[in-house]
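This is what each chain is made of:
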Amino acid sequence: MAWLKRISLSIVGLTVFIVGVTYLFWMPEPQEVSYALVKTWGGKGNKPGQFNEPTGIALAGKEVFVSDSRNTRIQVFDLDGNFIRLFGKQGEAPGQLNRPMNLTIAGDELYVADFFNDRIQVYGLDGKFRRSVGKAGNVGGELSAPGGVAVNAEGELFVADFFNQRVQHLLADGTFVRQWGITGVSGVLGGKLNYPTDVAINNQGTLYIADGYNDRVLAFSPEGVLLHQWGGPFAMNIFGPFNGWFATVTGISVGPGGDVFVADFYNDRVQKFSPEGDFLNAFGIKSTAPTHTAIAVVEADDGSVFVADYANHQVQKWQPGN
Amino acid sequence: MKITTIIFIIIALTGSGLGLAAGTRYELRVDGLACPFCAYGIEKKFTRTEGVESVEIDLKNGLVIVNTSEGKKFSEDQLKTIIDDTGFTLRSVSVKPR
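For the record, the sequence lines run as chains A and B. For the first sequence, our numbering gives the first residue as 1, with consecutive numbering after it. For the second sequence, our numbering gives the first residue as 1, with consecutive numbering after it.
Bound-form chain A, shown alone (with noise of 0.2 angstroms):
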């Protein structure tokens, strides 16, 4: 029986060498002061000012603009969540929505991910209807439930294909230009995406994925070169609740610094990054429903990062060094 001891010690000292070398290499310590929550607003509901599953927020200015997605409206607040207006009913109709998603904001335009109407929906900031683009579809230029649009400084559209495995590169006319990801086709490897979620992109052009279920981001230069990866162990689809790993990545955003905000949803937290992933920080509000908090995350020129609070039916503002 003395080799059965042996292998079950050599078993738990291999077992203590992993994780000694896991914590090492794979979880850092935040890099800044904490983040305090400073404020909350909102509350389950059909009144301005209340949502009903919140899960796309973006700022112009001082004003947040939310995606209020089963009431099917976007709501936009001040810099303290004051309500101002709202605009947007549910149909299939040109500027209409069905279910709401992540939202950017380029110039004087909102771009809303439609997800239910397979379509990117571009509103003026006072909510007028500009135009859509994409159809439903699995060819170049045609979307199945889009999560997530960016917009680089060309107008160009880059859109988180959901249901086709895919982000697609558009132009701002909904001209299919390339797309990262096999068309239909989930996996880890091979260039493969698994249901993205989100897309953001920073001033230099670098595009950042959250490559959803796959619990990773990816960083592309404007060439389309892989420059970075990361979330867990070789950003491998390793999800778990360490500093630096995810556990599906639903919202990603660029703050005015650069930095690399990331909604990690089934964490109930946002980690920030430095654009070229190096963990920072980490903040957010355990939840207590049967659903998660952070599904989207966007900074202010302040600092302040307004969070859109899923499960809560909130927006949640946070402030570093209170």
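Note that these hints are calculated values from the structure, not bench results. It is possible that some hints are incorrect.
Claimed, not checked - Below, a sample of chain A positions facing chain B; criterion: calculated Cβ distance under 10 angstroms:
| no. | residue |
| --- | --- |
| 1 | Met101 |
| 2 | Phe115 |
| 3 | Gly147 |
| 4 | Asn194 |
| 5 | Gly212 |
| 6 | Pro222 |
| 7 | Thr250 |
| 8 | Tyr266 |
What the hints assert, rightly or not - Quick list of the computed label-pair ranges, beta carbon to beta carbon:
| no. | chain 1 | residue 1 | chain 2 | residue 2 | range |
| --- | --- | --- | --- | --- | --- |
| 9 | B | Thr81 | A | Glu109 | 35 to 41 angstroms |
| 10 | A | Pro290 | B | Thr81 | 25 to 31 angstroms |
| 11 | A | Gln319 | B | Ser75 | 50 to 56 angstroms |
Fair warning: this is a prediction, and the values are worked out from it, not measured in the lab. Where is the CB? At the ideal position from N, CA and C, for every residue including glycine.
Starting from the structure of chain A, add chain B where the hints point.
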């Protein structure tokens, strides 16, 4: 007496007709419904399926509840295919008349 009988027959027939018009309620147990991308995806697939009248997501119990119109039936394989297409695994199905 005759009028009462006629009224009774009409009510009975109407009731029976309503009974016949009712479809089926499928309760599908699916893991991972907490994420709206997942739950909305399943809702979207079913609402675009012919014969589906409504879809509800019961997050607390992890159920997708699909109500169909009269005469519309799904086999377990059909339900499994729809759930598979959304990237999830169908754990069990419970079928109830509406």
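Hint-by-hint comparison with the structure:
no., hint, result
1, Met101, "8 angstroms, holds"
2, Phe115, "6 angstroms, holds"
3, Gly147, "6 angstroms, holds"
4, Asn194, "8 angstroms, holds"
5, Gly212, "7 angstroms, holds"
6, Pro222, "27 angstroms, violated"
7, Thr250, "6 angstroms, holds"
8, Tyr266, "7 angstroms, holds"
9, B:Thr81 <-> A:Glu109: 35 to 41 angstroms, "39 angstroms, holds"
10, A:Pro290 <-> B:Thr81: 25 to 31 angstroms, "26 angstroms, holds"
11, A:Gln319 <-> B:Ser75: 50 to 56 angstroms, "54 angstroms, holds"
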